[in-house]
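**Student:** Here's the letter readout for the chains.
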Amino acid sequence: EAQVTQNPRYLITVTGKKLTVTCSQNMNHEYMSWYRQDPGLGLRQIYYSMNVEVTDKGDVPEGYKVSRKEKRNFPLILESPSPNQTSLYFCASSPRQVSYEQYFGPGTRLTVT
Amino acid sequence: AQKVTQAQTEISVVEKEDVTLDCVYETRDTTYYLFWYKQPPSGELVFLIRRNSFDEQNEISGRYSWNFQKSTSSFNFTITASQVVDSAVYFCALSDRKLIWGLGTSLAVNP
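Chains as they are written, first to last, in our numbering: chain A, 41 to 153; chain B, 182 to 292.
Errors might be hidden in some of the hints.
With a cut-off of at most 27 Å between alpha-carbon atoms, the simulated DSSO-like pairs for lysine-lysine come out as follows [what the hints assert, rightly or not]:
1) K111(A) to K197(B)
2) K251(B) to K97(A)
3) K97(A) to K184(B)
4) K105(A) to K279(B)
5) K97(A) to K279(B)
None of these hints come from the bench; they were simulated from the model.
For reference, chain B alone in the conformation it holds in the complex (with noise of 0.2 Å):
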């Protein structure tokens, strides 16, 4: 069975922490994509990564960072140095034959 789980419902973090949201993904598809989003406290959901099952290569923009490890079937997002514009909630989902979103992450990063 396909399924996201985001173990981590809320977390706090004091700004300059760094601060890592874990994604387990459960899927028996050898082809599939990985995504993560954000959504700010406006409300819209904002594109982050998109990761194929091909490519466990980490990637990094800027404070993102992004490690997928097909071994333990896990696409963990990391902010580094944390801002209070990091606040949200982060959603982590995975596509193979439909696409199945985990149930958030909301991190609040305080001043």
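Next comes chain A alone, as it looks inside the complex (with noise of 0.2 Å):
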């Protein structure tokens, strides 16, 4: 099945405490995304890959990193989370760039205290 997957669905941390949210594709994409959801404030685009160690910043980069080692898979890192990335996180996957349709992951639900 075709399917972008995240890792963990729901993660509360500690201000400080590094993590990494995983994003694997299974369908050979090129283009990869993450972003952030927040009330009042729609999706905001965090960092993209356009293909295997091709990444660029988004809308709201501060205080992440990501990495494009292997085309299947986008890691989120937060090497030190503070309360306002208290968030709903997605992955996208799109065959090529913004102009094709995105596949997004189930979403990861993070709490930083």
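From these two lone chains plus the hints, build me the complex, please.
**Tutor:** Structural data, given as structure tokens:
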């Protein structure tokens, strides 16, 4: 089944404790992206990747890191999480670039206390 | 500047009513793409439709239809005979050089 998977689905952590949210897609898509969704602010892009080893900042990259060592995986790293990073995070993939529809993972609800 | 406006923040209808969700966009590019996504209460984001700027034909898929009008820069979404399962947040998005999202319209369909 074609899908985007994210883990974990729920995470409660404390300020400053490094964490990684994994994202994997099995559709051989070139483009992958991370978003955060906050009430009243809609979906905001954090980082995106056009292909392996090619990543770029989105609209709200501060406090996040990503890597794309393999085509299928695009982990999101929070090296020192802070409470303002409490949010719902989505990973998405697309055959190519942003002109194609994106397929989203189920979301990761992160709480930083 | 690129922008997507979904002026209706929340809509509430009774089952079987028709409902239209508005989407107005701004772009200077002649080539662009428009999308609608659905986010049901379970939280996942589901792709509904993609339309390119050169195709102004209206699209119908079951009870869903989309009206694309370049003259008014609008890409409106109509649900005919709404059902409770249509309750969700619906997002409109524009892609030219980057993807721009509207803030979404929350639709509640009441029995």
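**Student:** Which numbered conditions among the earlier hints are violated in the structure presented, ordered from lowest to highest?
**Tutor:** As far as the earlier hints go, 1 and 2 are violated by this structure, in ascending order.
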